[in-house]
Each structure stands twice: as structure tokens, then as C-alpha cells.
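Taken in sequence, the protein lines are chains A and B.
Be aware that the first sequence starts at 1, since it is given in my numbering, and climbs by one per residue.
Be aware that the second sequence starts at 1001, since it is given in my numbering, and climbs by one per residue.
Derived from the structure by calculation, the hints contain no laboratory data.
Do not rely on the hints blindly, as some may be mistaken.
[Unchecked claim] Okay, the calculated beta carbon distance ranges per label pair:
| hint | chain 1 | residue 1 | chain 2 | residue 2 | range |
| --- | --- | --- | --- | --- | --- |
| 1 | B | R1308 | A | A49 | 25 to 31 Å |
| 2 | B | F1534 | A | G333 | 39 to 45 Å |
| 3 | B | T1486 | A | R33 | 50 to 56 Å |
| 4 | A | R124 | B | W1180 | 48 to 54 Å |
[To be verified] Under the rule of at most 25 Å between Cα atoms (straight-line distance), these lysine to any residue pairs were calculated in the SDA-like manner:
| hint | chain 1 | residue 1 | chain 2 | residue 2 |
| --- | --- | --- | --- | --- |
| 5 | B | K1465 | A | P55 |
| 6 | B | K1506 | A | T107 |
| 7 | A | K117 | B | K1465 |
| 8 | A | K89 | B | A1049 |
| 9 | B | K1037 | A | R33 |
| 10 | A | K313 | A | F534 |
| 11 | B | K1482 | B | K1465 |
| 12 | B | K1117 | A | F534 |
| 13 | A | K28 | B | E1108 |
| 14 | A | K506 | B | E1108 |
It should be emphasised that the depicted structure is a prediction, and the values quoted were computed from it without experimental measurement.
A virtual CB, placed ideally from N, CA and C, is assigned to each residue, including glycine.
Number of protein chains: 2
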Amino acid sequence: MNQNDTSIICLKADVFWFSIKCDPMLLKVKRLRLEAKRPIVILNKDDAAELDVKPLDRLELSAGRNKEIAITNIAEKFIPRGSIGLYSKVQDDLKAKAGQQIKVIPTEPPESLDYIKKRMDGNRLEPDEIRQIISDVVDERLSEIEITTFVLSLHNHHMTMKEIAAMSMSMASTGDNIKWGKKKIFDKHSCGGVPGDKTSMMLVPVVAAAGLTIPKTSSRAITAPAGTADRMECLCPVDLKLDEIKLVVRQTNGCLVWGGAVDLAPADDVFIGVEYPLSIDPLLLPSVMSKKKAVGANYVAIDIPTGRGVKIKTVAEAEELANKFIELGKKLGMKVSCISSFGDQPIGYGIGPALEAREVLASVSNYRHIPKDLLEKVSRLGGELFEFARKKNPDSIAYEMFKSGKAEKKLREIIAAQGGDPNIKPSDVPVGSKNIIIKASKPGKVWWINNAAVTEVARMAGAPKDKGAGILLHKKIGDSVKKGDTLLELFAEKTPKLNRAIRIGKKMDLMAVGKKFSMVMAEIPEERKYEKFFILER
Amino acid sequence: MNQNDTSIICLKADVFWFSIKCDPMLLKVKRLRLEAKRPIVILNKDDAAELDVKPLDRLELSAGRNKEIAITNIAEKFIPRGSIGLYSKVQDDLKAKAGQQIKVIPTEPPESLDYIKKRMDGNRLEPDEIRQIISDVVDERLSEIEITTFVLSLHNHHMTMKEIAAMSMSMASTGDNIKWGKKKIFDKHSCGGVPGDKTSMMLVPVVAAAGLTIPKTSSRAITAPAGTADRMECLCPVDLKLDEIKLVVRQTNGCLVWGGAVDLAPADDVFIGVEYPLSIDPLLLPSVMSKKKAVGANYVAIDIPTGRGVKIKTVAEAEELANKFIELGKKLGMKVSCISSFGDQPIGYGIGPALEAREVLASVSNYRHIPKDLLEKVSRLGGELFEFARKKNPDSIAYEMFKSGKAEKKLREIIAAQGGDPNIKPSDVPVGSKNIIIKASKPGKVWWINNAAVTEVARMAGAPKDKGAGILLHKKIGDSVKKGDTLLELFAEKTPKLNRAIRIGKKMDLMAVGKKFSMVMAEIPEERKYEKFFILER
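Here chain A stands alone, though its shape is the one from the complex:
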């Protein structure tokens, strides 16, 4: 330092010189066999004080040549002095044996923690900083408090488009990436929230039958009665590995697989772990688009269900979101097209994995049986993709594919390629044997159906885990009803769950039926608690 004749006294003062080395503490490994997504170790409180570390401080562990960074937890009695408890992950990574002595020294928190604190205070992040955070998230180097802070910072101070793009790229690049060696790869996504939405299972065979490549990965349900992966699993395996997916798509032009079996944008699962308990969804755009990017898609149709019963409440909101998807697509080198679809009642009649799989099979095998709303969604979303592919009359191709039987043939090809029985019939898909029927007590019309209530009752009946559980609607909005007509059937695999669903259903308004349309949707007594309804689907 240029301090003229004033010297700054650090201990490097000319006066002393020591050979400096901080001796690490030696601690004996105690195997905990505990699973956690993060590399956690537990120290005795006295050893922690000796090292001057607090809960969540970082430690560098060395066992021979293996080094790992771990997050400190502290116990009073569970870990004796001189020992260190290792969670399974740390133990595996460190290849340390029980009883073995390992070296432990405190170390700095990862740099990304600085960026998280910066973001927490409302500052925007640079692409490099986002990349570092996502990389540390995927490498499990951040604690739950730190990840919560990051997710909340995005909820509190919405991401700029620059941040969203950097986030999408980083999330895509920190997992598997598929290269197809083709110019145009098509994909489809729904923002979710509508029960019974089996559009993907109908659309993929249509698009593939028309000669386009559509490697569709889907999620399992998080808050819904069924995800596309849950539905498709009633017909064939969906947990295919990367190489298997490639093979299926090479054979059939398409697939309908579970994204969770491959490692596409793995940071998203970590974020969902925070978003779900807080009912927030600040990462919607990067979450969707990083997966499309990772799967190699460059032409994407996005369905934005719109209505009071779904995530997006108005067409204006849907347009705003659509514009963001389109802009983000441009930044990621993808063409995106969006539709806002009527979201205030279930799609088709079946809700729950098996009931929906049956409905899909019945629909593809006889085009006259395709529920109108389902056909229109498939036609319009297909139309967007076929327009990208410069096909003529793009909106009518889906109908042709169903009518000609090509869509059915393609779906059965995909089922076979994924390892299922190509000759499966709707009745081969088992549905729950416990059921009740709800009948109309008055004649009239169906005026509205409550998605949230339908979802909750179907889940309480066991969906999506019990594949045979769910609801089969017999009437939809606008349908005429005679007294005694069946309105819906409720299915479950187990009696206690059927009872649980009925108990919940008694508290919720499933649909309105009557002669006159009633303007009153709900009475709201002063003390009535707001019914939570949170959709977190990917």
C-alpha cells in the first residue's frame, strides 16, 4: 500500500514472521444413513465452537484425497465430541468409512450466496451470477434457508427478461441436453390447472403421424389429479432413459415420457421444494422453457388455460404471459406460439390417470367419440405447430389424423416403442372398484363446474397415486339434466379414500345444476376461511 510514511499494521508487519498453517480438526466418521438433497454433516456443539462455526456454515472435509464441502448442523448430544455425523450423500461422495478419521476445516460459503443476498435486496443479477447460483443449486451446495431466500427474492422482485433468459439457459445447461440432428423439433406445453386435460396424449400422436418430430417429456402431477406422465403410465412405461427416449423418437417421431426419469433442468425440482409449501410460482417461465431447451425443441405451442378456476384468470393476463413466452423463446432461439383456452371446466369427461387413459384410447379409436373441447384444443394447438411446419390447413390436420386412424396407429406405435401393449383396449385399463354415483335432485342445466373442488375430491380419492381413482363426469357445462340423471361418478381403489373424498366433497361446491342460471356462486359468511387453491404444475 502506498501510505507514504504511515504504515497500516496488519500482522504481516515486518516485525514477525510465522510459518502459518491452520491445523484441521480430526473427527471420527459416524454414518447417519440419512438422506438429504444437500451435503449435511452434524457436529457436536463443542467441536463447532472450537472451529468457530455456526449452523449452516461450511466445512471442508478431507478423507485421503477426497474433498467435499458440507453444510454444518449442530447437535447437543446426538453426536459425541470428536465425532462427525455424515448424511449418506456426503459419506458416499467422500468415500469415508464409519470410524475413519477425517479432516475438517471451516471454509467460506459459496460465492453464489453473495449473489443471493444481492438479489434479496432487490438488485438484478448478471447472467454469470445466475449461472453460479444455478450451478450451486444443482451441486447441492446451498442450504434450505439460502434457496428459500433466492426463490423469495424472485417472488418479491420479479425477474427481468434478461434474468429469465439467463435462468432458463443455466437451468437447461446444468442437466441433460438432447441433440436430435434435425432442423425442426416440435413441442407443446400447458400451463396447467384444468383437471382432465389429456391434450398432450392426443396431440403427440397427431403431430408425429403428420411426420413432425415431437419428443414430449411430461411431469407427474404435483397439485393436480393427474399429469401426462401419470396418464400415459396406464398404457406403457414412461420412465425411459435418455437413450431409450432417443430410440422411441427415432422409431415413431414422438414419445410421451416422464421428464423426471432423465435429468432435464434439475434445478427446477429444488425450487419446487420451496415453491410448493409457500404456494408461489415465480419461476414459471424459466421452469417451462429450460425443459423445452434441454429437450432440444425449437418450435413450441403453449396452451394457457384461462379462467377463474385456473392459474391465469383473464385473457389480458394470458396475453401478457404469452408475450413473455414468445420473447423468451426468441432469446433462446425458439419459435413460440400461445393460445388462451377456456379453463373453467375439466377437459373431456375423465379425471384421474386411468379414467383419462381410457378416454384417450376411446377417443383415438373412434373420432366421433372425441369430446368436442378436447378435439378443439388438439386441433388448435396442432394448428400452431403445423403452421410452423408450413403445412396447409394446419387447424384441420388433427381431425384428419383422427378420422383416418393414423393418430390411433401412431399412439399404439408409441405405446409399443415405450414397452407397452399396442393392442390395449379402454376396458383393459383398470379403474377403482369403489365408487359412488351422484345424481341430480332437480332438472335443469349445468351452469358451472368448480375445477378446484373436482381436483381436490379426485386427489382425496387417491389420484394420482392410485391410478384408478378419479371422477367421471356425465354432464358438463350447458348440458341438460333430468331429475335422477347421473351427474358424476367418483372412483377410488380403497374404501377409506373414497370416504375421505366424500368427506372433503361435502365441504366443496362441485357444480351448479338447475333451471335458472344463478348469479350467486357462493355465499361468503364473515368467518368463512378463504379456500386455498394453488396450481403448481410443470
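Based on these hints, arrange chain B on the given structure of chain A.
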């Protein structure tokens, strides 16, 4: 519902009636012997899916008549199907034996989670809502993600005074509360950040010797080299129980005990667990004042050290904070007076528990030895309290108490009452046997001392855990220095820690010494990383 002739179809439709009961799942207890502040249980992932619960969802557990609400964690293999892993706390509360079957059913999250989500989105909370949150924090019913969300919501959207008051009251009322049966109870607090600040140990005997009641509870150091409890513990026990504290105060008018041994405003420790890793301190006001409220104080002097090296950087900031303390005091029925004190160098000469305890003993036993800065702080803070007590010449009482020997007598009474040796001499307090001396390489003056560096080096030497570790300054700001003069001594109890402190000290600027005052405090190369310095003291 008044729906005219349109009926809302819930499952309570006239058509069906079931006797409804949701059967709970029966799971076998597996003891984990794991400690956690929250009631955590671990389910196998298949059982969790069966119950339709996700990580952090709540479960109601019943073992015979005992019921507990617990937070769900999920394991793939660690817990087999049909079992449930119980953390020690849950097991103790439930009085469940290993292998015993307990009943498990999903249950709603606590109502306070709604309030946390409300606060997360920037809405202010009502006193009732705050009370519920604090009560659930203390009862350990909230997960780490939820508590982090709450603390961050206070960081992002600063609390209103109404919220601060409600928070202080709730934090105070959810722990021990002391009633003294006296009209005036005095107390003192420092906002901290200045190393070597042994003011409380000097002030309490002064105030008590003057006949006022001052039941001082203090914290141990969190980020500092010593807290008052750490210093005092070199002279006598400080972890007294509530009844013992009352006895000491009844005998001597004062005490100097560790607040952590009693249960004063226990929510604060939970919040510190989040604040520390994120380096944020949104709960400063309720944290301080809830403890004062709980201890029964109604006249409080608050020291706000001010300067670039402490929490509060400017006098304007100090004034703003002081006004809040005063206003909050009014709402809590307390008279508060604040001083902003020079905070840019350590108080006195000793830094670290033993060195500071020695300095206090030496100071009280010979008033001529009291460092000037220490004497002035004690005099002025005492002055505020004596003015509350309507004593004449309030600012001069401290000096009189030291000169007359009454303060020393009182300190020794307190030491004895708390179970220490009243005849203890400074040299009876052991300091670390490993030490090095830093000498001046040039003559001149001391221009500045860096609190952050002094703190870090003292902590690396072992303070506060190793009570004999720390720094003894020989020169302070403005002191003249000859070449070869000792500037400071560094003490440690163990050689590796001495070496660690030296290693860290080499990277930090401890003080500036020279002939000419240098305007350059640090050179900041482009790549130099901002040195973090976060004070979280209570």
C-alpha cells in the same frame, strides 16, 4: 345456500349419505435420536404418496391419548414402508416407544402460515396475527422455509411501529416474565459492534451501588469476540435460573447474568438462526425490547455505538433508531433514553472475555486506571438512568461510585451472590499462554483502528469460546508511538488458533500508525472482494 331453484352439487347432495370417517394410517415408530428444533418425522415416499402429503406438509400423530402435530420429511430408503422415523423431540412429546404403532393423518398447516404468506406479499399484520406467528414459532410448529419466509418478509417490507410493538409484546409474553414488585426497574442495552465494550460490567455495580435495581441479562457473543455474559463468566457463574436471579437482585440490587439460561423472549433465538446465515437483522427493535419487557424493566438507557466500523454508520441513523426505541418504549410502558457513542475503536484496551474481565477488575479497584472512553460511557449511560431516578448531578455519580470504592464493593457482592469468589484479583483470571507481540516499525501516531479486523483476529484466536484468547491493545487512536513500541499483543490458548489468527490478521488492516495522517484507508483493486462485516449482537 339460497340458490333459488338451482342447487349447488356437493357430495352432500340429497341423493347419498355415507357414514364418513377417514381411517388414519398405522405406522411403526422408528427412533432416530436426531435433534431438531422442530417436530420432524420422516415417512417412506410410498406412504407419503398414499397419504397425499409432500415434504413439509403437516401430520397429526396419535399414540394412545397423546397427540402431536409434526412436519413431514420424506425418504426413499432410510425409512421402510410401514414405518415412521421420529426425531427425539416428537418421540419425547408423544411418549412413543420404538416399534409401537401410531396413527398418522394429514392435517392442515397452522393458521399462522396464512399470515406469513400475507406478510410475504407486503401486507401488514394485525397484532393477533403476529401473536399467532410468534406462538407457533415458539411451539416449533413452523418449518425452516416458513420461518425464513417470515424473517425475509420483515427484511423486505420494514415493520410498522404497530407491528414492532405487537412483535415485542408477543415475543416477551411467549417466555418467562419477571415481576419485581417495585415501581422502577432499570436496565441498559448496547446495540453492539464495538470490541472490548465492557460498559455493562462497570455500569451495573455503579447503578446498584446507588440504590437502583438493575437486573441485567446479557447475551453471549454471536459475531463478537465477547459478550457481557462471556466476560462476566470469567469471574463467576452466569447461567442462573430465574429464582436465583431474583435472589441475587434482592441481595445486591443488580446482577450480570446470561439471558440464555432463562427463557426470555425465546422466539428471538429461532429468528437469529435465519438472520445469521443471511447477514440480516430486521428484528433488532423487538429483539432488544422484548427482552427488556420480559425482565420487567421500565427505565432503559440504550447505547448506540456509531461509526463506519459498527452497525450504525452515522449520527443521523443513530437518531432515527433512537426515536424508534423511544416510541416503542412508550407503547410498551417504558421510558427509554439513547446515546450515540463513538464506535470506531475498541473500548478500553482488552478484547476477549478474560482480558476484558481483568480490565474491569483493575478498573473498579483503582479509579485512576479506568480507561477514559470506558469511564465516559459508564458516566453518561449511568447519567441517563440517574436522571430517570431524579438524582442530582446524574452524570457524575459513576465517578463518585468508582472513587469511593462503592462500585468495586458492589461488583464483588454481585460476584459473590452469583457464586463467584468476591476476592478475585485481575491476575487470577487466566489468559492464553500462547501470544505474540506486534511492535511499531516506525514512529508516529495511531490514526485509526479497524474494529472488524480486531474482531475477526480475536475470534480466530479462539474468543469467545477460549476465554483466555483475545487482543490487548497497548496504543489507541491519537497515542504517540516510538519505533519498537508494542502496539498490541495477541493471545490464544492453543497454538493452531494463534496461527490461524495470524494468518487471518495478515490479510486485514488492524490499525494505521505513522507520522502523517494518511487519507488513504484502503486501496481497492478492481478485483478486491468486499470484506463482509456483519454484526448480530443482542
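Results of checking the hints against the structure:
| no. | hint | verdict |
| --- | --- | --- |
| 1 | R1308/B to A49/A: 25 to 31 Å | holds (30 Å) |
| 2 | F1534/B to G333/A: 39 to 45 Å | holds (42 Å) |
| 3 | T1486/B to R33/A: 50 to 56 Å | holds (55 Å) |
| 4 | R124/A to W1180/B: 48 to 54 Å | holds (53 Å) |
| 5 | K1465/B to P55/A | holds (16 Å) |
| 6 | K1506/B to T107/A | holds (17 Å) |
| 7 | K117/A to K1465/B | violated (29 Å) |
| 8 | K89/A to A1049/B | holds (23 Å) |
| 9 | K1037/B to R33/A | holds (20 Å) |
| 10 | K313/A to F534/A | holds (13 Å) |
| 11 | K1482/B to K1465/B | violated (34 Å) |
| 12 | K1117/B to F534/A | holds (13 Å) |
| 13 | K28/A to E1108/B | violated (42 Å) |
| 14 | K506/A to E1108/B | holds (17 Å) |
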